[in-house]
Structures are given as C-alpha cells and as structure tokens.
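Undergrad: Letter by letter, the chains look like this.
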Amino acid sequence: MLTPLQTDLASVVEGVNLVWVLTVTFLIFFMHAGFAMLEAGQVRAKNVANQLTKNLLTWSIGVIVFFLLGAAVSSIVAALTSGSALDITGAFMSLYAPDASATTAWVDWLFGAVFAMTAATIVSGAVAGRARLRAYLTYTILIAGVIYPVVVGFTWGGGFLDALGFHDFAGGMIVHGMGGIAGLTAAWIIGPRMDRFKPDGTANVIPGHSITFAVLGTLILAFGWYGFNVGTAAAPLAYADGAVTLGSFAYVGRVALVTTLGMAAGAIGAGGVAMYKTGKVDTLYVANGVLAGLVGITAIADDIVWPGALVVGLLAGAQLPVIFEFVEKRLRIDDVCAVFPVHGSAGVLGALLYPVFAVPLWHDGASFVSLAVPQVIGVGVIAIWTFVATAVVFGGFRALGQVRVSSDHEREGLDTAEHGVDTYPEFGSPDHDTGIRTDGSGVPSGDGFMTTGRED
Amino acid sequence: MLTPLQTDLASVVEGVNLVWVLTVTFLIFFMHAGFAMLEAGQVRAKNVANQLTKNLLTWSIGVIVFFLLGAAVSSIVAALTSGSALDITGAFMSLYAPDASATTAWVDWLFGAVFAMTAATIVSGAVAGRARLRAYLTYTILIAGVIYPVVVGFTWGGGFLDALGFHDFAGGMIVHGMGGIAGLTAAWIIGPRMDRFKPDGTANVIPGHSITFAVLGTLILAFGWYGFNVGTAAAPLAYADGAVTLGSFAYVGRVALVTTLGMAAGAIGAGGVAMYKTGKVDTLYVANGVLAGLVGITAIADDIVWPGALVVGLLAGAQLPVIFEFVEKRLRIDDVCAVFPVHGSAGVLGALLYPVFAVPLWHDGASFVSLAVPQVIGVGVIAIWTFVATAVVFGGFRALGQVRVSSDHEREGLDTAEHGVDTYPEFGSPDHDTGIRTDGSGVPSGDGFMTTGRED
Amino acid sequence: MLTPLQTDLASVVEGVNLVWVLTVTFLIFFMHAGFAMLEAGQVRAKNVANQLTKNLLTWSIGVIVFFLLGAAVSSIVAALTSGSALDITGAFMSLYAPDASATTAWVDWLFGAVFAMTAATIVSGAVAGRARLRAYLTYTILIAGVIYPVVVGFTWGGGFLDALGFHDFAGGMIVHGMGGIAGLTAAWIIGPRMDRFKPDGTANVIPGHSITFAVLGTLILAFGWYGFNVGTAAAPLAYADGAVTLGSFAYVGRVALVTTLGMAAGAIGAGGVAMYKTGKVDTLYVANGVLAGLVGITAIADDIVWPGALVVGLLAGAQLPVIFEFVEKRLRIDDVCAVFPVHGSAGVLGALLYPVFAVPLWHDGASFVSLAVPQVIGVGVIAIWTFVATAVVFGGFRALGQVRVSSDHEREGLDTAEHGVDTYPEFGSPDHDTGIRTDGSGVPSGDGFMTTGRED
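Chains as they are written, first to last, in our numbering: chain W, 1 to 456; chain B, 1001 to 1456; chain A, 2001 to 2456.
Please keep in mind that the hints were generated in silico from the structure rather than gathered at the bench.
Note that the Cβ used here is the ideal one computed from N, Cα and C, for glycine as well.
Some chain A residues close to chain B (C-beta under 8 angstroms, calculated; not the full set):
| # | residue |
| --- | --- |
| 1 | 2215 |
| 2 | 2223 |
| 3 | 2283 |
| 4 | 2284 |
List of simulated lysine to any residue pairs, SDA-like, C-alpha gap at most 25 angstroms:
| # | chain 1 | residue 1 | chain 2 | residue 2 |
| --- | --- | --- | --- | --- |
| 5 | W | 277 | A | 2406 |
| 6 | W | 277 | W | 201 |
| 7 | W | 280 | A | 2402 |
Between beta-carbon pairs, the in silico distance windows are:
| # | chain 1 | residue 1 | chain 2 | residue 2 | range |
| --- | --- | --- | --- | --- | --- |
| 8 | W | 363 | A | 2163 | 40 to 48 angstroms |
| 9 | B | 1401 | A | 2366 | 51 to 59 angstroms |
| 10 | B | 1370 | W | 385 | 49 to 57 angstroms |
| 11 | A | 2243 | B | 1087 | 31 to 39 angstroms |
| 12 | B | 1241 | A | 2365 | 38 to 46 angstroms |
| 13 | W | 331 | A | 2195 | 43 to 51 angstroms |
Bound-form chain W, shown alone:
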C-alpha cells in the first residue's frame, strides 16, 4: 500500500518515462527522413521520386498495418513459441481498446512501430530502380504485418529465442540485420538493373545522383540512432516495492558512449579499408561506414565496454567494402544502396560478436559458450525466416512476371514512367531512351507538381 506521497512519486516517475519514450520515438521516426535522403542520393536522378514515394508509402501503409495486425502477430507468435497462454482476442484488443487509464499502451506501441518501419524501409534501398511499386508495397504490407512481427515474437516479444537467451539490445539483428537480409534477398530475386553488369559478368558502376543528399541522410540517421540505442533504455526510472531506482538509466551513459564510439570507428574502418585499397577516401564509404558502425554496436550496446566498441565499430566498418564487393562481384547482386553490407552483415556481425564483448556478463560468471550458442541460433533463425519469407513473396511476383517494371520504363526512369513526375525538371531532362539527362531546357511540360488527374 503506497502512501499519498509515494503515489505522487509514482505519477512523476510515469511522467518522466513518458517524456523520454516520446522524445526518442520522435527521433527514431525522423530516421525516415534519413533513409529517404540516403537512398534518394544513391539512385539515378530518373528514379529519385520513385524512391521517395516508396519511403513515404512504406511508413504510411506500414504503420497502419503494424497497428491493425503486426503488433498482435508479435504477441501471438510469442505465445505460440513460448508455450504461454494464447489470447488472440487480447492480442488485438490491447491496442484496439486498451484500458482507459493505460495511456502508455499506445506510446509503447508507437515506440515499437518506429522500429518496425525502420526494418521495412531498409528493403527499398536494395531494390531501387527496377522494382514494380505494387510488388514492393505488397511486400511492405507483409513485412509490417507478419514478417517482422514474427521476428519480434520470437525475440523481444518473449518467444523461444528470448527463452533461449538470444540477446539483441536495440535491434542490430532484429531490425537492421533482418532488413538487410530481406533487401539482399529481394535484390537477388528481382535481378540487377539493366547495364549494371556487363555481358562478361563484370560490374558497371551506376553512381547515385547526389552525394550531398546521401550524406545528409547519413547524419539524420545518426541523429535518430541516438534515439534508437539510447532510447531503448526506455524507462529511465523504475518504481517498485515503494522505491524509485534509475531503471534502465543505470547504464545509459555507457550506451551513449559506445554508440558514439562505434559510429566513429565505423567511419574510420570503412574509409580506412577504401584508402588502403585505392589510396582515396571514398565519401560514400565513410558515410555508410558511420551507419555500419552504428548497426554493429546496436545489438550489444548495453553490455559492451568502450574498447570493445572501438573494435566492433572498426570491424563493422571494415567489412563494408569487403562485403559490398563480394555481393557485387561474386554474388552479382545489385544491392543499390548497399543495404546488405550496411545493415545485414554488420547486424549479423554485431550479434555474433556479443559473446566476445559482453564483458560485464563475464564478470558475473557467464561462459562464452552459454552466451554464444543463443546468438548463433538466433541469427540463424532470423536469417532463414527472413530469407524464406522474402523469397516467397518476391518469387511469387517474379513467377507472375510482376516483380519489375518493363525495360522501357526502367530505361526511361521510374519517375516519369510510374509516377508521372520529373524530380528535377530544370536540371536536364532524362533522355527517354537512355535515361540520362542530356539537356537543361526544363520547359514546363505538363509533368511535375500535382499533375495527375489533369485533363488540359
């Protein structure tokens, strides 16, 4: 029985926790602006509006699906795979009609939703420039409603991987790893953009249209990532047995530190390898290295000490150029925005390195094997599930001949062909045959801002 003052204190604790969760949720939402800019910058000018449209619709459609279906699927999958009581009605009703006094139910849902949408939006970068919008959006509905929620059900939701001891602090594997694997799978099934590989199988480079937008996106993502990682320390204060404690904030300083060092070391790792191989510091390797470093540290940010963060960041960055070339030259998959090396392999790497770097747990007597086995199983299960589910969806569309736009539309560019717009009408129009912008006339043409539905 709480005294009146203890009751007051509990309300203050709830208020502080709400302020924090909402603030970091907004930051994570803002990562969509980061993804939009990062991806837009790395595609051809003729495909920018298509990429931006996919980003906007991934969020818009995905978040509704995740509300109506995905969150409940997580609960149900968790119950099914953990042997706990199955309550299908309750899984839906907890969101549809939460107890009136439980204002936190929807706040917690939104916090989960911004993670889910991050996983979903990663895929769009891999399939840029040739995926049909209908196929992509169908996949968006499925990843938001089922594919990602199943992974959460296995893990954070309390399913069998959680019971096994699988550890992923803020989604290095669950969010980024699965997103990167899904993207690679989709890009593999859809096939490369035309002219991406020469007849002899060697690669052509198709540079993105604006490094400036790509770097802007990188920095917006890094900003939002502080919400992602540090915000996962989601309840700054805890109140139990009539006593307040610092809750997850007891380790938040360490999370903020290792996130910072992992990000920084990632840029150095990626840039350094590029420098070593060619003598030049490729801007996009440095930028994507920032992101790979962040992905690498995300699964383990709560249990790693700072020297480990530097090592993990360096490794996550250094693997980026290596894996990017492997995907391109060996697998011959056209992963346009490098989402696999940035999110996929870096996420797997971080999750698998957990037993090596979980220093505080060693002190508690945890053995390497007891930490490693759940990680290997967890990474394997998530990777296989993501690969199979993604392959089935895109494979189905491919079997129907609906997975990519016509080669005419691809050559012309998806912006005019699929969306009826020209992203940059004054900076040279795309040649409808080559897709390359060759003149700068930009004469108002009936295409452009809000031209759909016109009769004149």
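Chain W is already provided as a structure; the job is to place chains B and A on it using the hints.
TA: Chains B and A alone, transformed into the frame defined by chain W:
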C-alpha cells in the same frame, strides 16, 4: 500548506514540465526548416533563394513582432471579447518584465510563438514567384502582430469563441486553417504567375525544381508535428491540492496514435485519389497528403479514437487533389505550394468533423448539435477575419501597384532580380529572358555568395 | 541522512536531469548535419564531397581523440593553471573506468564532446577547396586532443581564466570564437583558392553551388543551437541539503527567449546592412546573420535581458558583412564559408559585450570594470593560444609543402582528385581543366558510389 516533501515534489513536477515543453518547442521550431525545404522544392530554380529568404525573415521578423506586440494583442482581444477585466499594461508587462521567479512565462511564450510563426510562414508558399518582398514582409509583421493574435485571442486566449465552446486541440484551424485561408486570399489578390494560365483560361503546369527537397521538407514537418500535436499535451504532470496527476499526459498516448494514423491515412487518401484518376502515384500528392492528414487530425487529436483518425486522415488526404484542382481550374488562383488544400481546407475539414468524431465526449452525454454549432461559428469567424484582414493588406498594396514584382523581374527570376544571387550557379544559369536555365557554364560572375556591398 | 522518500526523490531528480542532458546532447550532435549542409552549399560542386568527407571525419576521428585524450587534457590543464592538485592518472581514469554507479560521467563527457566537435568542424569551412586532407585531419586530431581542451581547461574546466572571473555561458568564445579564429588562421596560412583574387589583388567571387543546402544547414544549426544554449542549463533540477530546487532551470526561460531574439535580430542586422549597401537582401547574408546572432548571444545568454539580446543580435548580424569584406578586401584571406565573421568576430563581440549587458549582475552590485577585465583577458588569451597553435600546425605543413593540394587537383576539384567521386554525376561533369561543369552527360564512368577498391 505543503510539507517540505510536497514542495520538493512540486519543483520536480515543474522541472519535468519544463523539459517537455522546451523539447517540443524545439521540434516545432524545426518545422521552419521543413517549410523552407517544402516550399523551395516546389518553386522554380530561379525563385528558390527568394523563397528561402522569405522563410528566414518570416521567422526573424515575425518572432520579434510577436514578442513585442502579438502576445499582448492576444490577451487584450481575449479580454475584450470575453468581458473579463482589461489590463493593457499587464498584457505587455507579463512578457516584458515577468515576475523574476516565473521562469515559465517566457517558455510558454516561446511555445506560443512557434505556433504563431507556423501560421505566418504558410502564406509564403502561396504567393511564391511574384510577391514583392516589401508587401510580403509587411503582411508578416501584421499577421505576427495582429491577425493571428486576434484569432488566438478569440479562442485559446479565452475569448468569445472559447466561451462558446469552440474546440481546436493543437491548431488545425487556428494555425493551419487560418494560414491556408490567408495564403489563398493573398494568392488571389496578387494574381497568378505569368504563363500559369493560358489565354483561354486553362492551366499550365509550372513544376517545382526539386521533389527531393519537397519530400525532405515533408518529413521534417512530420517530425516537428509530433511536437505540435503531442507537445500540446503541454503539462505532462499536474500538481494540485497536494497531489500529483498525469495532467495532459493522461491522453497523450491517444494523441500520438491518432496523429500517426491520420498522417498515414492522409498519404494514402491523396495518393489513392491521384492513382484512381490517372493510374499514377504522384509523389507530391503523397507527400502533401501526409501533411493534409496531419492538418486534418490536429484540431481533434485529443477527442478522437483511432478508427476516426483513419477516416479523417483519408478524407483530409482525398480532398487534396479535388480542392487543388478546384482552386486551379475553377477559381484560377495560383496557389503555388498548394497551401490551401493542404492547410486551409484540411484544417476546416478537421474542425468541422469534430462533432462527428468526438467519441469520448458522446459518452459523457454531449449532443452533436452542442458540439457542432461552436465549430461552425468558430470556423466561420476565423475564416472571415483571416480573409478580410489579408485582403485588406494585400489589396492595399495592389492598389498602390506594390504587390508584385515587375514582369521583367518575374521572368528573370526573383533570385537575381531581388536578391542578387543565383541559387545554383553551376547547374545552368537562368535565361534572363525566359527564366529557364539553359546552360551549365556557371562561370563565376560576381553574383552569388555574399556579393552585396561590393565595389569591385 | 536522507529519508527513503528523499532518496527516491533524489533518484527522480537524477533521472530528469539525464533525460534533459541526453536530449540536448542529441540536438547539438545534429548540428554536424547543419555544418555539413551549410558548408557543402557554400563550396563549388567539384568540392562538395571533399567538404562532406571532412565533416564526417572531423566527427569520427575527433570524438575518439577527445575521448582518449582531450577530456583528460582539459582536467590536467585546469589543474596546472589553477594550482589545484594534479592527478594525471585520475584525469584519464575518470572516463576510462568511472565508478560503476556513476552513469552520468559518460553522459557528461558526451555533452562536452559535442561542444568540442563543434569547435573543430568550424575550421573546415574556412579552408574549403584547397586544403590537403592529411593536413586537415592532423589538425583535427590536435584541436580535439589538445588545442580546444586547453581552452576548456583554462575556463570551464576551472583553470586560471575561470578563477579570474571570465564568463562564457555556452561557448560563444570558447567554442565559436576559437573555431572562427582557428579557421581564419588556417585560411591565411594555406592561402586563397586559385582565381579567388585577381592579379591586382581585388577579389573574384566564387559562389557556392547551392543556396538551398546552405539555408537548410542554417536552420538545422539553429534547431541544434537551442540544445546548445538552453541545454547548457544542464541540470534542470538540483537536490541539496534534502531540498529540491529548479537548478539551472530557474533562468532557462530567459535563455530560451534571448537565444530566439538574438538569432532573429542577427538575421535582420546582416540582411539590413546588405540591403543598405546594395539595395538587395542577399539570402546568404540573412542566413549567416541568423548564425552570427546566435554566436553573439551564446556567451552571455544567462545574464542578459531581452532588450540587450535584440541589440547584441543586431550588432552581431551587422558586423558580418563589414568583417567579411574586411577579411576579403583588406586581409585578402579566402575564408570560404565566412567562418570568421560568423563564428570568430561574433563570438569575440558577444564575450566583450558581456559587461555591458550583464544587467542582472549590475543589480547585484557588480562593477563594469570587474566584469570587463576578465572578459578582455579571456578573449585575448583564447585568441592568442588558438592563433599560435593553429599557425604552428598549418605553418608546419606549409613548410613541408603539404598544406594544400596540387594546383592540378585544385582545378580539377577535390572530389575526383582526392576522393575518386563525383558528387553530381548527372548534372554536368566538372571539366578537368577548368573545374567548371560544362556538360550533362553523366555517363557511368567508374567513378561514383563505392568505386574504390575496384579492379574492373
């Protein structure tokens, strides 16, 4: 009489509330970057710097005027229209020299100021490409100092519309609706850009120069909008009669949820209508649909349940293409950045739909009529006041022949003509006759960065 | 001895303070996106990727150096110059292995780190377009590890300037002033870009490639600056002697207000002087005036009342065009992004105006002289130290012929020459002889995204 511990608790409550209000105020301020990018992307390359300058000066001049005059005008108008005691000196002095211990007075002012500046900056998007800077800035001073503050005085400030029961949670009508109506009025009086309509009255499309910047602006605005709506739950904690309660946070989860769903449904509504009419998903309709959905939900986000938010968002999005075409084809008004369909009609729609969707109030026994009448009166009063005040200001400038730049300057572009700069000197220079960028020489020309005041 | 409830309250206070410090730290981190865009927009298209790379690496390398070395250097310098006990091991160990319960140690470090990186990144804007990457990064290591930490050791860290009474609230001089002076020194030693000055010594204007990116950067910086200034009220709540007080939040309303007014007045001051001299409102003067106003108010935001903020903002803005021209025409230094007038002279101005505008202190009986003398000494010491240290580093590189790229590389552009990338491959390629973009072919060329390390 509070005990020492209760006094301590009251200080903590005040601290938490300050942390929250400041955080969301910063987010709302950041919406100016969103407006700047959204508008810049939707104007011609030759008018980008002009648009950006207007955005910077709207904030810079407007916020000073709102401090010196606008906030006091709100208080005075509220007193005058509610019959409460008029204290003109006090209206000014509460900001000029608040009680030393009242640190919250200025924080609350800043929270109000970022809303005021949002209303003011919306107008610039409607009059892009031809408004004279002096006329625009004079209007900025008046909207910041009088026109918007009068609306606040009628409503949130405690004036007669507030007494009637007019409900607008976070400014769907008070901020966005009035801004959109002001923009339409100004665009109507100034007249269309040259070549916007053919001699036979049908419309020419003049596409904006960068969809990428427009979408970036959209996502920045959506990010800031969480501050706008969720932040309006401005006092997470309340302390009264010696007891702490969750204050406005009791419903903050619902506000966060319906804001998210309204935004998402808005994109689907606008994109869906465009798709239905033309078979193509116009990127700018989707982006502006995000914003229309947000505007639509803003007035009613505290009293709507989630199925209603989906409906309101869909409607607010779906009306966007319809109203945009009506304004263009029937009214023949050149609303460059579509501020009326996005902010104006969506804001009116949301405010008028309040009685339909105020589900929690129905349970409390409120009748539809008792909810609807104040909304109709409130929307009407705000619309008429905004229309008349705006028409008087811009009509006055038009009568003096000072409302728009010369046709030579308009053709050349406002950037070189009015600001002495070229936004993109290396990506083709604007032809001074046609205003179209035709070559890419970009030879340093004496125009550009900080060239004013030069003698050599 | 605290009662259980007092202990609980102390935990809540710590939680609120952590939430606030983390939130504002993220905002200040985001300023790097602002600097990246501001600087990218103000350089030639052929040098954009170089500028972005420098920004990314300044953060990535700098923050690691500041962790490993810089923070400890501050402590050591503070001890050495204040006569307090020197504890070199402790200076390092407080970060390397803080007490396990002290979660705030790393949070406080990160809060300091984002300030340090702001100072470091300012320099890159001054030396754009010709500095060799190796020289620049060496300087980055030194400013992050030694040069800036020494300044902090003298001042905030508790060294002799602090003991003298030198006042700099949030780094107007310590961060921005020193960054601006460092930039000017570096630009002077490196020499101007080719063709920046004519043979007769008069200036050529080399306009930046995108005003849109520059204004975006400005608004991101203004957003982050609220974290910078208001966030420096770093502990909203204080708990001492068993009683909670509003800590630094007792004056946070004033800080938020004067930051807003200073920013706004800065834009008006700079734009107004430009208008007065040429009749045109130069967009970049207005944008940089926002920043100069913010710099000017930063040192004194805690002790100035609002009319003073308007005056300081106007002065800080108005000096911008004047000092920019002085640096260009008299000193003939090529400060590409105007970092000296924006950060350097505005920072000096604000710090020196402190005794004039520290109104609250006058009421406490402080004399003008007692306030002025420490400011003059502090500004002088910081300026001299920064100048000498920067001159030694860049002078050393110049003596070795390593301070700037070859004239061939400078003409070609640093992006292709030093980074192997073309920022905008589809919007005209830079002529490798003149560095001017003359065609729009954008044929995939093997340069561009992630091309390093390729063999085919």
